[in-house]
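**Q** Protein chains in written order, with this note's numbering: chain A, 162 to 330; chain B, 3 to 213.
In case anyone wonders, no lab produced these hints; they're calculated from the structure.
Since the model is a prediction, treat every value here as computed from it, not as a measurement.
Some hints here could point you the wrong way.
[To be verified] Here are the simulated lysine to aspartate or glutamate pairs, DMTMM-like style, with alpha carbons at most 20 Å apart:
#	chain 1	residue 1	chain 2	residue 2
1	B	Lys43	B	Glu67
2	B	Lys43	B	Glu28
3	B	Lys43	B	Glu82
4	B	Lys43	A	Glu174
5	B	Lys43	B	Asp33
6	B	Lys43	A	Asp198
7	B	Lys43	A	Asp196
8	B	Lys43	B	Glu176
9	B	Lys43	B	Asp64
[Stated by the list, open to error] Residues from chain B that keep clear of chain A, each with C-beta distances beyond 10 Å, as calculated:
#	residue
10	Lys43
11	Glu67
12	Arg108
13	Ala115
14	Arg118
15	Glu163
16	Arg172
17	Glu176
18	Gly187
Glycine included, C-beta positions come from ideal geometry on N, C-alpha and C.
Below, each chain spelled out in residue letters.
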Amino acid sequence: MLGSSARDARRTEIYLDGLLAAEERGASDAPLDLDVDPAVVFAARRLRADLIRPHPSFRFEEGLAYRLGLAANPAASLRALDAPAGAPEHAALDLGVPRLGPLSSKSARPLIVGGVASAISIGAVYVAWRWSRGSGSATAHAENAGKTEPGHSSGRGRRVLGGIFGVMS
Amino acid sequence: MSRPVLRSSQESPRTARLDRDRGLVEAARRDPANFDALYRKYLPQVYSFAYYELHDHHAAEDATERVFMQALAALPRFEERADSFAAPSGSGSDKQASTFRVWLFRIARNVIANERRRERRRPVAPLDEAYNLPAGGDVVEAAALREAGSVAWQAVARLPEDRRRAVVLRFVDEMSTAEIAEILGRSEGAVRVLLHRALRSVAADLRGGMN
Chain A
162 MLGSSARDAR RTEIYLDGLL AAEERGASDA PLDLDVDPAV VFAARRLRAD
212 LIRPHPSFRF EEGLAYRLGL AANPAASLRA LDAPAGAPEH AALDLGVPRL
262 GPLSSKSARP LIVGGVASAI SIGAVYVAWR WSRGSGSATA HAENAGKTEP
312 GHSSGRGRRV LGGIFGVMS
Chain B
3 MSRPVLRSSQ ESPRTARLDR DRGLVEAARR DPANFDALYR KYLPQVYSFA
53 YYELHDHHAA EDATERVFMQ ALAALPRFEE RADSFAAPSG SGSDKQASTF
103 RVWLFRIARN VIANERRRER RRPVAPLDEA YNLPAGGDVV EAAALREAGS
153 VAWQAVARLP EDRRRAVVLR FVDEMSTAEI AEILGRSEGA VRVLLHRALR
203 SVAADLRGGM N
């Protein structure tokens with residue numbers, strides 16, 4: 162024999178089942194048992210309408226899929242890192258994992274060469290800028306000459322640039 | 003919710019629940035790469051459960067990640083069991099039903115409980131603030147949460163822990179009483195009473211706010 166509290170709770174459950182089912186079939190509301198506490202009906206409708214299901218960011222979703230992919234098949238991910246250039250791709254990690262090209266010495270070298278060349282170019286531009294500022298006016302040149310240590314002159318700048326371009330050529 | 007089926011064993015026929023994720027689970031067991039389908043299916047539910055419990059976008063993401071990592075690692079040990087779904091509520095069945103979803107949410111409950119224990123050792127932002135802050139997440143999502151749900155959520159947030167969890171699992175994650183009972187480790191009857199009392203409290207809170 163159910164107590165009144167359990168009986169009310171059971172009625173509430175039936176109403177909630179109806180409410181959720183009604184939404185699934187596109188009905189506006191659930192059939193209402195008149196014995197259901199009106200306060201329960203009020204709160205249930207309000208919560209059903211207002212408590213939304215937040216979704217994580219797309220970035221997080223894809224990032225976690227990637228990490229799960231690595232966890233799901235660590236051997237394959239290690240093989241992918243070790244594979245020589247041009248080798249056929251390993252079995253796919255079907256977890257939305259972005260395919261990374263194999264990191265071999267061949268594929269890494271152009272990156273390093275490119276980086277060194279960029280650094281040299283930036284250095285050359287910087288030295289040329291300093292040199293041109295120094296030679297912009299007679300006053301500025303004199304001020305710079307006064308501030309710099311002995312031997313730092315436009316002639317030194319030319320030698321540096323010459324050295325850099327000599328290396329590059 | 004799981005689909006009711008008739009058991010074909012020698013026991014007396016009664017309805018039991020078949021895990022509707024059985025195919026996906028078996029595929030993931032054969033090849034863990036197939037876990038992706040389960041992950042995509044349950045990510046929003048697990049994340050929202052964590053978000054409503056932890057009130058913080060980043061904490062919810064961290065917890066969600068741990069849940070799925072643990073689930074992936076433990077998947078070979080997962081056993082689907084249907085017995086207690088078929089048993090009448092309060093029958094004291096010692097077997098726990100375990101559809102994949104229930105199992106996953108049990109992991110989530112434990113991960114979130116650990117996270118909350120850690121939070122208690124750190125300063126925590128007030129709940130109202132947590133609901134109003136975008137927390138660096140999706141601005142649209144945060145705005146939607148603020149505008150549509152903050153009053154209702156604040157009423158839910160003031161509930162005792164068990165009632166709040168039951169409400170979130172019922173209304174946000176759309177679980178049955180039986181599933182919630184398995185996740186919270188309570189009887190179905192106890193969960194029914196939890197939900198009933200929670201709704202009465204929320205109604206009183208919302209009506210009080212209107213006056």
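**Q** Now, for every hint given, state plainly whether the structure supports it.
**A** Taking the hints in turn, this is what the structure says about them:
About 14 Å separates the Cα atoms of Lys43 of chain B and Glu67 of chain B, which keeps this hinted pair within 20 Å; it holds. Among the hinted pairs, Lys43 of chain B with Glu28 of chain B is consistent with the structure: their alpha-carbon atoms are about 15 Å apart, no more than 20 Å. Proximity of Lys43 of chain B to Glu82 of chain B is assessed by CA-CA distance (about 18 Å); at most 20 Å being required, the pair is judged to hold. Restraint check for Lys43 of chain B and Glu174 of chain A: not satisfied, since their Cα atoms lie roughly 26 Å apart, outside the 20 Å limit.
A threshold of 20 Å between alpha carbons decides the hint, and for Lys43 of chain B with Asp33 of chain B the separation of about 17 Å falls inside it, so the pair holds. Restraint check: the Cα-Cα separation between Lys43 of chain B and Asp198 of chain A comes to about 35 Å, which exceeds 20 Å; the hinted pair is violated. Proposed proximity of Lys43 of chain B and Asp196 of chain A is contradicted: the alpha carbons are some 37 Å apart, above 20 Å. Taken as a hint, the Lys43 of chain B and Glu176 of chain B pair is honoured in the structure, with Cα atoms around 14 Å apart against an allowance of 20 Å.
Restraint check for Lys43 of chain B and Asp64 of chain B: the C-alpha separation of about 18 Å stays at or below 20 Å, so the hint holds. Lys43 of chain B, annotated as away from the interface, keeps every beta carbon of chain A farther than 10 Å; the closest lies near 12 Å. For Glu67 of chain B, the shortest C-beta to C-beta distance to chain A comes to about 5 Å, within the 10 Å cut-off, and the non-interface label is violated. No beta-carbon of chain A comes within 10 Å of the beta-carbon of Arg108 of chain B; the shortest separation is about 19 Å.
Residue-level check passed: Ala115 of chain B sits 20 Å from the nearest beta carbon of chain A, beyond 10 Å. Look at Arg118 of chain B: its CB is around 18 Å from the nearest CB on chain A, clear of 10 Å, so calling it non-interface holds up. Listed as outside the interface, Glu163 of chain B is consistent with that label: its C-beta sits roughly 17 Å from the nearest C-beta of chain A, beyond the 10 Å cut-off. With a least beta-carbon separation of about 7 Å from chain A, Arg172 of chain B fails to lie farther than 10 Å from that chain, contradicting its non-interface assignment.
Distance to chain A contradicts Glu176 of chain B as a non-interface residue, since its nearest Cβ pair spans about 6 Å, not more than 10 Å. At roughly 18 Å, the least C-beta separation between Gly187 of chain B and chain A is larger than 10 Å, which holds for a residue marked as non-interface.
When held up to the earlier numbered hints, the structure conflicts with 4, 6, 7, 11, 16 and 17 and fits the remainder.
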